[in-house]
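Input sequences plus hints: build the corresponding full structure.
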Amino acid sequence: MSDAILALEDGTVYRGPAFGAAGQALGEVVFNTSMTGYQEVLTDPSYKAQIVTMTYPEIGNYGINGLDMEGAQTHLSGFVVRELSPVVSNWRSEMSLDAYLKRNKIPGIQGVDTRALTKRLRRQGAMKGFLTTEALSDRAAVERAKKWPGLLGVDYVKEVTCAAAYDWDPDGVASRRWRIPGTSNAVGGAPEKESDAEDPLGDPYRRPLPPVKHRVVAYDFGIKLNILRVLRQKGFHVRVVPAATPAEEVLKLDPEGIFVSNGPGDPAALDYAANAVRGLIGKKPIFGICLGLQIVGHALGAKTFKLKFGHRGGNQPVKDLTTGKIAITSQNHGFALDPKTLPKEVEMTEINLNDQTCEGIRHRELPVFCVQYHPEAAPGPHDSRALFDRFSDLILQNGR
1 MSDAILALED GTVYRGPAFG AAGQALGEVV FNTSMTGYQE VLTDPSYKAQ IVTMTYPEIG
61 NYGINGLDME GAQTHLSGFV VRELSPVVSN WRSEMSLDAY LKRNKIPGIQ GVDTRALTKR
121 LRRQGAMKGF LTTEALSDRA AVERAKKWPG LLGVDYVKEV TCAAAYDWDP DGVASRRWRI
181 PGTSNAVGGA PEKESDAEDP LGDPYRRPLP PVKHRVVAYD FGIKLNILRV LRQKGFHVRV
241 VPAATPAEEV LKLDPEGIFV SNGPGDPAAL DYAANAVRGL IGKKPIFGIC LGLQIVGHAL
301 GAKTFKLKFG HRGGNQPVKD LTTGKIAITS QNHGFALDPK TLPKEVEMTE INLNDQTCEG
361 IRHRELPVFC VQYHPEAAPG PHDSRALFDR FSDLILQNGR
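Taking our numbering, the leading residue of the sequence shown gets 1, the next gets one more, and so forth.
Fair warning: there could be bad hints in the mix.
[Said to hold, decoys possible] Computed Cβ-Cβ distance ranges for the label pairs, DEER-style:
| hint | residue 1 | residue 2 | range |
| --- | --- | --- | --- |
| 1 | Lys147 | Arg215 | 46 to 56 Å |
| 2 | Ala135 | Met95 | 25 to 35 Å |
| 3 | Gly23 | Ala164 | 42 to 52 Å |
| 4 | Lys340 | Gln397 | 22 to 32 Å |
| 5 | Ala99 | Val173 | 42 to 52 Å |
[Said to hold, decoys possible] For lysine-lysine, the following DSS-like pairs were computed, each having C-alpha atoms within a straight-line distance of at most 27 Å:
| hint | residue 1 | residue 2 |
| --- | --- | --- |
| 6 | Lys252 | Lys283 |
| 7 | Lys102 | Lys158 |
| 8 | Lys306 | Lys252 |
Hints listed in this document are in silico derivations from the structure and should not be mistaken for laboratory results. Backbone N, C-alpha and C define an ideal beta-carbon position, used for all residues, glycine too.
Below, the structure is given as structure tokens:
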């Protein structure tokens, strides 16, 4: 097994056994605190141009399967773990993590003291990094890290958005949830209201979908597949459009609502997105998630800033400022909205209890609300899935 090098812009260098693909990667070095869900992390478009460190010490024990993807391909630049599991054991596994990274040309490094690396990133902030399996000196590797331009001012959305508009899951196959046959429970989830009706496709392990009750347009700024799955599970027919689609084209589709998705990079680099959303505010109900909140915020006149080390993981506590209730949420973002720049007609509705940053906004007069976290999870808790029902209610309250 060959060695790999992870170099940070501050001069810190880590060496350890390589896994995954041979090669090199540049990106922002960040950390994720989830114990599981590495497959979803690998395929989440929001991780574009990032070298991700998993804080949990052993990764890869349940392998990779074709059903838990959050995108059609991998999007991160490199992968860092303390220990790669030597054993893969899960009934759904189709290949090992090592084999998957090789197939997708993503380099990885193991044997890294990920606790020390995470502490460094927390103290000094997320840093530019260079990961390579090639034989280089520490000095040369650090210089490569320093020369990477970084995330600020760069539009990575154009690299992950869809090329053309499409209807999500028109056959009703990709969105069906797991369930235990003969029960009303979805596997791995709490009981829900849907009945245990016979699946029309004859699959006893899948829950049938409800009828469509709303037609919405979803902007693809790097949308996760589980957002689309949950929207369909909640009764939405979703027309997905590319990131640069003007408001006029969206209005011609006459949707009942607009969904503004997650995605990678700096929201301040996405003027075209803010302009499009600005043309839809007040004309259609709008729900935004993650980068979607930041884009809507820019459209309303607010500003964003880069967080020191971001929020990435499935254990972020968020407080609802109206009810006082706290939810544990799944998050993945390196930028945040500055609530001091919000216009008076927009209020901050939720905060992160770790650093008091903005986690939700709502327009006081118009049907617009957004959250910074991921209510669809994947991976993470399902505390906030009712927000999709809130979107449905908003559409019903505001008619067409």
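- In this structure, is the beta-carbon distance linking Lys147 and Arg215 contained in 46 to 56 Å? Since Lys147 and Arg215 have Cβ atoms about 47 Å apart, the given range 46 to 56 Å holds.
- Query: Has the given pair, Lys102 with Lys158, been kept, meaning a C-alpha gap of at most 27 Å?
  - Reply: holds (25 Å)
- Query: Taken at face value, is the distance from the CA of Lys252 to the CA of Lys306 at most 27 Å?
  - Reply: It is violated: about 35 Å lies between the C-alpha atoms, which goes past 27 Å.
- Message: Given the hint of 42 to 52 Å, is the C-beta distance from Gly23 to Ala164 inside that range or not?
- Response: violated (31 Å)
- Item | Consistency of beta-carbon spacing, Val173 to Ala99, with hint 42 to 52 Å | With a Cβ separation near 26 Å, Ala99 and Val173 fall outside 42 to 52 Å, so the hint is violated.
- Message: Holds or violated: Lys252 and Lys283, Cα atoms, limit 27 Å.
- Response: Between Lys252 and Lys283 the Cα gap is close to 12 Å, so the pair holds against 27 Å.
- Query: Can the suggested window of 22 to 32 Å be confirmed for the beta-carbon pair Lys340 and Gln397?
  - Reply: Given range 22 to 32 Å: holds, Cβ gap about 30 Å.
- Check the following: the C-beta atoms of Ala135 and Met95 are separated by a distance inside 25 to 35 Å. Holds - the Cβ-Cβ distance for Ala135 and Met95, about 28 Å, lies within 25 to 35 Å.
Violated hints, in rising order: 3, 5 and 8; the structure is consistent with all others.
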